[in-house]
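Enquirer: For the sequence shown, position 204 (counting from the first letter as 1) is numbered 204 according to the working numbering, and the numbering increases by one without interruption.
Honestly, the hints are just simulated from the structure, not real lab data. It cannot be assumed that every hint is accurate.
[Stated by the list, open to error] Distance ranges between label pairs, derived from CB positions:
#1 194 <-> 220: 14 to 22 Å
#2 183 <-> 104: 20 to 28 Å
#3 204 <-> 74: 33 to 41 Å
[Unchecked claim] In silico DSS-like links for lysine-lysine, alpha-carbon gap of 30 Å or less:
#4 223 <-> 201
#5 22 <-> 201
#6 73 <-> 22
Beta carbons are placed, not taken as given, at the ideal position from N, Cα and C, and that holds for glycine.
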Amino acid sequence: TPERSLLARDEARRAASVQYIKDCITMVADLGGQEMSVVPGSVGQLVPEATPEEEWTWAVESLQACNYHAQAKGVRIGVEPINRFETFFINRASQAIALAEAVGPTCGVCLDSFHMAMEESDMFDAIRAAGDRLVDFHIGENNRFAPGHGSLDWSAIVATLREIGYDGPLSVEFCPPFDRTPANPFPHQAETDFTGVSEEKRKFLEDHGSNLMSEAFYVEQMKQTASVLLPLIR
1 TPERSLLARD EARRAASVQY IKDCITMVAD LGGQEMSVVP GSVGQLVPEA TPEEEWTWAV
61 ESLQACNYHA QAKGVRIGVE PINRFETFFI NRASQAIALA EAVGPTCGVC LDSFHMAMEE
121 SDMFDAIRAA GDRLVDFHIG ENNRFAPGHG SLDWSAIVAT LREIGYDGPL SVEFCPPFDR
181 TPANPFPHQA ETDFTGVSEE KRKFLEDHGS NLMSEAFYVE QMKQTASVLL PLIR
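Using the sequences and the hints, build the whole thing.
Expert: Next up, the structure:
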């Protein structure tokens, strides 16, 4: 959200962002989790507020504070690069690795196949470069549908993860865009029953050209994910 960023020029805003991440780390630990991904900037903010040197210093200092808290809670954080259309800071694995190295030896990285498909010249080399710093891997097609509905080579992706000895989670994160035209190949994609959904939440979704994913579509996408990945990881 706009108010949360480790790169904010305003010191109070950075401090509040650090505290929010610490609170999330505590929640992860309380739920029995072992890793958490962190995007240093505010998702959707494309205009920097400071110089590259200032941003880097603030990001390192803020993440060091978060990482110290994570270590105390038994959680490993991973810096996640996301594509250039969602942030101006940390778009590629090499950048995330450099930031993690600056934070300290226990800070990891999190990679996302959807973002990698846009930003990496070779996503397999990016996975190899992450090596034992990789703490989480997000699963999504190049078009952000479930595996098998796009063009990514999942056999090669899983093989490369095995090559580096990765045995962490494969976090399914398909976020398909809603097709608002008659050409939609998934006519049941959107939820039609808004029982229990506040008017505020519904208006927010509609204002952003989005909708609620139907249970049937979600189940279909999860089954598709399982059909592609399970044979590769067994």
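Enquirer: Against each hint, give a clear statement of whether it holds in the structure.
Expert: Each hint tested on the structure:
{"no.": "1", "hint": "194 <-> 220: 14 to 22 Å", "in the structure": "holds, 20 Å"}
{"no.": "2", "hint": "183 <-> 104: 20 to 28 Å", "in the structure": "violated, 49 Å"}
{"no.": "3", "hint": "204 <-> 74: 33 to 41 Å", "in the structure": "holds, 35 Å"}
{"no.": "4", "hint": "223 <-> 201", "in the structure": "holds, 28 Å"}
{"no.": "5", "hint": "22 <-> 201", "in the structure": "holds, 26 Å"}
{"no.": "6", "hint": "73 <-> 22", "in the structure": "holds, 10 Å"}
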